[in-house]
Amino acid sequence: MIDEVLIAGFGGQGIMLMGRLLAYGAIYEGLEVTFYPSYGPEMRGGTANCTVVISDERIGSPVRNRFTHLMAMNQASVDKFSERVKPGGVIIYNQSLVETPPARTDVLRVGIPANRIAAELQAAQSANMVAMGGLLHVLRRISVPSLVKGLARVLPGHRREAIPLNEAAIHRGIEALAGKDRS
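Heads up: the sequence shown begins at 322 in the working numbering, then just goes up one per residue.
One should not assume that every hint holds.
[Said to hold, decoys possible] Below, computed lysine to aspartate or glutamate pairings styled on DMTMM-like, alpha-carbon distance capped at 20 Å:
no.	residue 1	residue 2
1	Lys401	Asp427
2	Lys407	Asp427
3	Lys470	Glu353
[As the list claims (entries may be wrong)] So the derived label-pair ranges between C-beta atoms look like this:
no.	residue 1	residue 2	range
4	Pro358	Lys470	20 to 26 Å
5	Glu441	His479	23 to 29 Å
6	Arg425	Ile484	32 to 38 Å
7	Tyr360	Ser382	15 to 21 Å
Since the hints were derived computationally from the structure, they do not count as laboratory data.
Idealized CB from N, CA, C, for every residue including glycine.
Go ahead and model the full structure; you've got the sequences and the hints to work with.
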């Protein structure tokens, strides 16, 4: 089984952190993984996306043109990347920042109010971790303990005290999508 995940948003949303975290979570599950970042020319506010390929077998190339999953953190990412999701794939989008959901009917479209949930946690910067919880719920391949273990690898030292809050945000993201159709 192979999952080809594109995570996209704007600079400052923690897109690369999400990709690296997903990759480490997959590694801790004993899976093969590649991580391929792509940055726009700006640091904050510019475009950012990364590809994470997860497989039970060796991966020939990290480069993908089509994906099984898209995690879109903003409207621009939905608009730019929705057509690159394979039919039968999944588009997860941040309802807090996406006014026009993806129009495609040949994929599963799942909205998660990541920024709203992060605000409820009084941790606006954890919207990316809420989204990661939603992605974990849809992927069903990586456990929360493996992802939390990955947090210690990807967070800089001065941010590691936030691991419990990030774990709570991940759980809230899972809960937000629990019971939603994932056909």
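Verification of the supplied hints:
no.: 1; hint: Lys401 with Asp427; in the structure: holds (17 Å)
no.: 2; hint: Lys407 with Asp427; in the structure: holds (9 Å)
no.: 3; hint: Lys470 with Glu353; in the structure: holds (17 Å)
no.: 4; hint: Pro358 with Lys470: 20 to 26 Å; in the structure: holds (21 Å)
no.: 5; hint: Glu441 with His479: 23 to 29 Å; in the structure: holds (25 Å)
no.: 6; hint: Arg425 with Ile484: 32 to 38 Å; in the structure: holds (36 Å)
no.: 7; hint: Tyr360 with Ser382: 15 to 21 Å; in the structure: holds (20 Å)
Of the numbered hints listed earlier, not one is contradicted by the structure.
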